[in-house]
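*Asks:* According to my numbering, numbering within the sequence shown proceeds without interruption in unit steps and concludes at 863.
Read the hints as simulated data drawn from the structure, not as lab findings.
Glycine is no exception: its CB is placed at the ideal position from the N, C-alpha and C atoms.
Don't take each hint at face value.
Unchecked claim - Below, a list of computed lysine-lysine pairs in the BS3-like style, where the Cα atoms sit at most 30 Å apart:
#: 1; residue 1: K721; residue 2: K792
#: 2; residue 1: K769; residue 2: K717
#: 3; residue 1: K717; residue 2: K625
As the list claims (entries may be wrong) - The calculated label-pair distances, taken between Cβ atoms and stated as ranges, are:
#: 4; residue 1: T802; residue 2: T628; range: 37 to 45 Å
#: 5; residue 1: K769; residue 2: H644; range: 14 to 22 Å
#: 6; residue 1: T802; residue 2: H644; range: 14 to 22 Å
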Amino acid sequence: MDSCFKTRKADIEITYKRVTGLNLPIHIFLPDGDIHKARTVLFIHGGGWTDAIQDNTEWDGGWMANNAKFFAERGFVAVAISYRSLLVSSDLNVEDILKDCIDAILYIKYHLKFMEFNNITYVGESAGGYIATMLGLSQNDVVRPEFAVAINPVLDSIEDKWNYGFKNCRNIYKLIPKNIVDKKCSRFLFIHGTEDETVNIEDTRNMHKTLLKSGHSSELIEVPSGKHGFALYDYINSDINVTNIMNDIIDFISV
């Protein structure tokens, strides 16, 4: 497949909520054919929880927009959701971002009835990988996906390296993924580069082991020499290598 999919525009653009004066959008990319029979994949971009919505200028879909476009070309309903940047206000933290993402999911579930929610997949990268992981561990059946894919996710070190996102959180213990593994859980796929200097791959390895020990389904793909952001189009990796990673995700959710 060539890279012409990256020129696609969203087929549907919706504001799922307005908060602190900001319009938070959803971009939806539709496949050819009967969309009612297509699986849905929802993308949560990264950017350290800061490279996100800061004003009401036109949104480009975030870091994973091209990944969503690729999935639409492969026959999926692909959704890119937005959330507020922590730079909007010193009062915002990751709990607020989680709430934004949950509100986006609830809007989709209750207002966009053509989307298939029974086998929905969430794909998150970096800081978005943290969100996807937290949602995959949720005990709320309404928001927890069937499949959760976390690419080089932030999973630990939130009391030091990533503590800027967790200021004024009510209970930081419950915001660390390994602490909230419970009875209900998505089927997880973790993908992490072995040369990631931004997020420690050992945290991902440990999370994978924790899920397996708890009796949950988890797979881990380690990408040799992969650096942070290796799964993003037009960033540090070639299109063909990013596409190979996307095909690994498709294989995972196609079982």
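*Asks:* Range hint 14 to 22 Å: satisfied by the CB atoms of T802 and H644?
*Replies:* violated, 41 Å
*Asks:* Is it true that the CA of K721 sits at most 30 Å from the CA of K792?
*Replies:* holds, 25 Å
*Asks:* Check whether the Cα positions of K717 and K625 lie no farther apart than 30 Å.
*Replies:* holds, 14 Å
*Asks:* With a cut-off of 30 Å on the C-alpha distance, tell me whether K769 and K717 pass.
*Replies:* violated, 35 Å
*Asks:* Do the beta carbons of T802 and T628 sit within 37 to 45 Å of each other?
*Replies:* holds, 39 Å
*Asks:* Between K769 and H644, is the Cβ distance one that fits in 14 to 22 Å?
*Replies:* violated, 44 Å
In summary, the numbered hints that this structure violates are 2, 5 and 6.
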